[in-house]
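With the sequences and hints as input, model every part of the structure.
The sequence shown finishes on residue 375 if you use my numbering, and the numbering steps up by one all the way, no holes.
Since the hints were made in silico from the structure, they are not lab data.
One should not assume that every hint holds.
As the list claims (entries may be wrong) - Derived pair list, reagent style DMTMM-like, types lysine to aspartate or glutamate, alpha-carbon separation capped at 20 Å:
1) Lys-23 - Asp-56
2) Lys-86 - Asp-358
3) Lys-31 - Asp-358
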Amino acid sequence: MRYLPILVAGALLAPFATAQKVNDTIVKKDGARVRGLEITEFLLSGVRAKRGNDSVEVPAHQVLAIEWSNLPDAYLVGRAAMEKGDFRHAAQMFGEAQNQTDRALVKVDAEFFLVKCAVAAIGADKGAAATAGERAKAWLTANANHWRTPEALLLAGRAERLAGVGGQAATTLRELDDRATREGFGAIWSARAKSELALTLLADGKAPEARSAFQAAASAIDAALGTPSPDDAELRALKIQARVGEGETYLGERDFDRAEQFFRALTSSDQQELVAAGHAGEGEAILLAAVANNRPDDFRRAQLALAKACAFDVTSGEASAKANYYLGRCLLALGPEREGDSFKARANGYFQNVIDGYPASPWAAAAKAEQAK
Numbered sequence: 003m004r005y006l007p008i009l010v011a012g013a014l015l016a017p018f019a020t021a022q023k024v025n026d027t028i029v030k031k032d033g034a035r036v037r038g039l040e041i042t043e044f045l046l047s048g049v050r051a052k053r054g055n056d057s058v059e060v061p062a063h064q065v066l067a068i069e070w071s072n073l074p075d076a077y078l079v080g081r082a083a084m085e086k087g088d089f090r091h092a093a094q095m096f097g098e099a100q101n102q103t104d105r106a107l108v109k110v111d112a113e114f115f116l117v118k119c120a121v122a123a124i125g126a127d128k129g130a131a132a133t134a135g136e137r138a139k140a141w142l143t144a145n146a147n148h149w150r151t152p153e154a155l156l157l158a159g160r161a162e163r164l165a166g167v168g169g170q171a172a173t174t175l176r177e178l179d180d181r182a183t184r185e186g187f188g189a190i191w192s193a194r195a196k197s198e199l200a201l202t203l204l205a206d207g208k209a210p211e212a213r214s215a216f217q218a219a220a221s222a223i224d225a226a227l228g229t230p231s232p233d234d235a236e237l238r239a240l241k242i243q244a245r246v247g248e249g250e251t252y253l254g255e256r257d258f259d260r261a262e263q264f265f266r267a268l269t270s271s272d273q274q275e276l277v278a279a280g281h282a283g284e285g286e287a288i289l290l291a292a293v294a295n296n297r298p299d300d301f302r303r304a305q306l307a308l309a310k311a312c313a314f315d316v317t318s319g320e321a322s323a324k325a326n327y328y329l330g331r332c333l334l335a336l337g338p339e340r341e342g343d344s345f346k347a348r349a350n351g352y353f354q355n356v357i358d359g360y361p362a363s364p365w366a367a368a369a370k371a372e373q374a375k
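Below you can see the structure in the form of structure tokens.
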């Protein structure tokens with residue numbers, strides 16, 4: 003309710019917004035800003051605009067973001083909520099924003115961000131995932147030739163994976179991968195598609211296929227990294243995800259010893275992010291093996307590996323999210339006899355760290371599920 007005055011003011015001002023001077027900006031991946039524009043068209047090939055009597059077009063692979071002038075308040079609130087990780091509220095605000103602007107392209111952009119936030123907010127809710135997937139596909143149908151089409155395909159595939167319809171997700175992601183090559187979306191989109199497909203196959207219980215897909219993703223990423231680009235940081239992050247995913251395929255096969263060996267090998271890497279991921283995966287493998295084989299003495303060994311993951315994860319990324327989640331699971335597994343009466347409250351503290359610190363991580367959904375038990 004605290005946003006009501008802002009939204010009312012935005013609704014009252016919306017009819018006057020179109021009378022103001024349009025002064026849009028295209029933000030490029032290299033950090034440059036193309037200012038003083040009136041954006042006129044979104045195409046698969048890029049973004050078109052006018053600056054006075056001159057025409058401007060920025061290719062899609064160079065576009066990082068659009069900064070609109072005269073935005074409705076709900077859009078601004080939505081972006082702020084999205085940046086804080088409050089994706090449910092952000093989705094609601096982007097829905098409101100569509101009713102607060104007369105600019106057709108801003109409406110389309112607001113709808114896209116509604117879809118993006120809806121996918122980010124899914125957690126473990128398969129019903130929400132199915133709805134988000136339908137929204138993404140509807141957006142794609144209405145915007146078949148848009149510079150955001152590749153990302154919308156990726157979001158649709160992710161939503162379908164989380165909805166538990168792995169076959170549909172795989173079809174969507176293979177379409178993205180094929181179009182990335184055929185229509186020149188860029189190497190980053192092939193890498194993203196292959197990475198998401200590997201996650202889909204793993205979630206679908208197809209561990210051997212997933213392992214091959216993670217290896218294919220890693221090869222595609224290496225090829226993309228051969229040519230320096232503004233996407234290099236993301237590509238390196240996807241490479242780590244691919245290596246971790248390959249190890250998790252052994253967990254999917256319940257080959258805990260092989261998984262532990264794989265992740266321990268990563269801890270010898272000269273790349274600190276891989277070292278952190280290796281310790282987190284090693285701790286996960288040790289814990290799951292201890293639970294499966296009733297070896298409570300191994301819980302301490304798992305805790306040590308997970309603590310190392312937090313220490314080595316200087317970026318406080320996925321390794322920390324996973325480690326905190328499994329540190330909570332360790333306390334629950336140890337129980338009151340080994341950890342005292344406060345064991346559950348302390349475990350919930352770890353889960354809350356994941357929820358608060360890493361809201362967009364899949365481990366946040368897993369942490370919420372543990373707290374709900």
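Hint-by-hint comparison with the structure:
1. Lys-23 - Asp-56: Holds, because 17 Å separates the two Cα atoms, which is no more than 20 Å.
2. Lys-86 - Asp-358: holds, 10 Å
3. Lys-31 - Asp-358: Violated - the C-alpha atoms of Asp-358 and Lys-31 are around 29 Å apart, more than 20 Å.
In terms of the numbered hints stated before, the structure departs from hint 3 and from no other.
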